[in-house]
Amino acid sequence: MHEAAPIPAWVALAYLAAGILFILALRGLSSPETSRAGNRFGMIGMTIAIVTTLVTHEIAGLWEILGAIAIGGSAGFVIARRIAMTAMPQLVAGFHSLVGMAAVLVAAAAYLNPGAFGITDAAGILLPVSRVEMGLGVAIGAITFSGSIIAFLKLNGNMSGAPIILPARHVINLGLLVAILGLIGWFYTVGAPRIDTPWLFWTVTGLALLIGLLLIIPIGGADMPVVISMLNSYSGWAAAAMGFTLGNTAMIITGALVGSSGAILSYIMCRAMNRSFISVIAGGFGAASGGETGEAIDRPWKRGSAEDAAFLMKQAETVIIVPGYGMAVSQAQHALREMGDMLKAEGVSVKYAIHPVAGRMPGHMNVLLAEANVPYDEVFELEDINSEFGQTDIAFVIGANDVTNPAAKTDKTSPIYGMPILDVEKAKTVLFVKRSMGGVGYAGVDNEVFYRDNTMMLLSDAKKMCEEIVKNLD
Amino acid sequence: MDLISILSIFVLACFIGYYVVWSVTPALHTPLMSVTNAISSVIIVGALIAAMAGGIADGEAAKWLGLAAIVLASVNIFGGFAVTHRMLAMYKKKERK
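Just so you know, the protein sequences line up as chains C and R, in that order. Everything in the first sequence is counted per the working numbering, starting at 1 for the first residue and increasing by one. Everything in the second sequence is counted per the working numbering, starting at 1 for the first residue and increasing by one.
Here chain C stands alone, though its shape is the one from the complex (with noise of 0.2 Å):
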């Protein structure tokens, strides 16, 4: 129904490999031995898809198609090459918004031509069904571009971090969400709608780039790995829209593989925070609540030195560091892999344990340790490693705040009750690695760990600290 003339078998069946390929992909990621393999998969399915769509269509410029590819191909190229790894959230945002971007291209470009797409009746008409597939890809894909953005520049520093908070923003995010659905689903009824109104797609391309900035301006720092994995679901099931208008099975099997992984992603890192999906699209969280910390910065609290934690750290049989996103933001993460070297080669086992929320996107921390040389065996995550602490001598947090807060389990009113966190209190001591007192974090509050006897703080930059204490652990 949606092609004109048939697909040749062996071209479906192509695309379907595709498919497959791009499946195991996303399989290979299930242990860090088959991962390089599964991506070669990808690479390979992204290929077939490419060329079976050149060899089946009639080329006519098949070097500017050569030039495009090669130009966009060698900027992403240099890009993966030069990028930090502590700048890969931005960078992973700024992916999605050129996904968003191609979307809204393809689905304009398919609005423009729609015989070249196959999606015309006789009379050279665009086909209803095709046109509410066309009308939520070109949503979907604009609320992925601005939504991107959004999330790029507040990543990148470029804009603050701190929630935007509009007046009355649910009414009009709601409002626009119902006049998209109710101008796609005129642009179903009308007879022909380049003809007849001409304005309706281009209307819904702009309201869907108006409610992604809206949807992302009033959500905070804090649950920036739930919106960079939102926008990844998004991304997703942009090309499967896509996928349904042009009857392509690779885009289908794609654009559901990505929009359920970012799906999933977004779900596990509202389960780390102990929220709701709806709470953090609600946004607000992490704005100026900071009111009782004055008081509590008076209590008592105990300073040590990169020696004191060197000296401690030499005697201890079992060190669990928790490195946090203050660790990313100063990179620490090189001069902390040399101090856990340093401590093994004096007999002390050293272990990492990484809360999924740690940084600012799913998995960002085991990536900087990986970076590090931190062989990724010795890495665990929150619920494989948090009942060792009650047997560890010493745990080194370093960057991070909230994610070892224990008013998240005694602290009924606390913003962060009920958010799974790593027991470091448990530990015999704590070190505990921060720029200085008068910080709090994401979520606004306190931090009971600052002042327990047997904590220890370290105030300085955490580079700069780990630095300090390699020198005096020689």
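Be a bit skeptical, because a hint or two may be false.
[Stated by the list, open to error] Calculated pairs, SDA-like style, for lysine to any residue (alpha carbon to alpha carbon, straight line, at most 25 Å):
#1 C:Lys314 x C:Lys344
#2 C:Lys464 x C:Gly157
#3 R:Lys92 x C:Tyr376
#4 R:Lys93 x C:Arg40
Hints were generated in silico from the structure; no laboratory data involved.
With chain C fixed as given, assemble chain R onto it according to the hints.
Only chain R this time, still in chain C's reference frame:
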């Protein structure tokens, strides 16, 4: 292909996605995002079709939109796979001595 067949493929692929993604180890969630990014650029298929067609008056505009989409999708495809490869190459096991 008719809508029901396409919808069936889509729904089944969502289920496959659900099970496959849950089996991804949390340590590889960042590469998961970058590789999904790369493969979602399979949307380039649509861009190629637009860029190869011509014919009607609006076809010329559609062709340029298609070419622009090819550039964007290519950034993603090459960049996404390359950065995923770079990350995955860093994951090493402890050296057994």
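Structure-based check of each hint:
| no. | hint | result |
| --- | --- | --- |
| 1 | C:Lys314 x C:Lys344 | 9 Å, holds |
| 2 | C:Lys464 x C:Gly157 | 23 Å, holds |
| 3 | R:Lys92 x C:Tyr376 | 6 Å, holds |
| 4 | R:Lys93 x C:Arg40 | 21 Å, holds |
Going down the numbered hints, you'll see the structure goes against none, and every one checks out.
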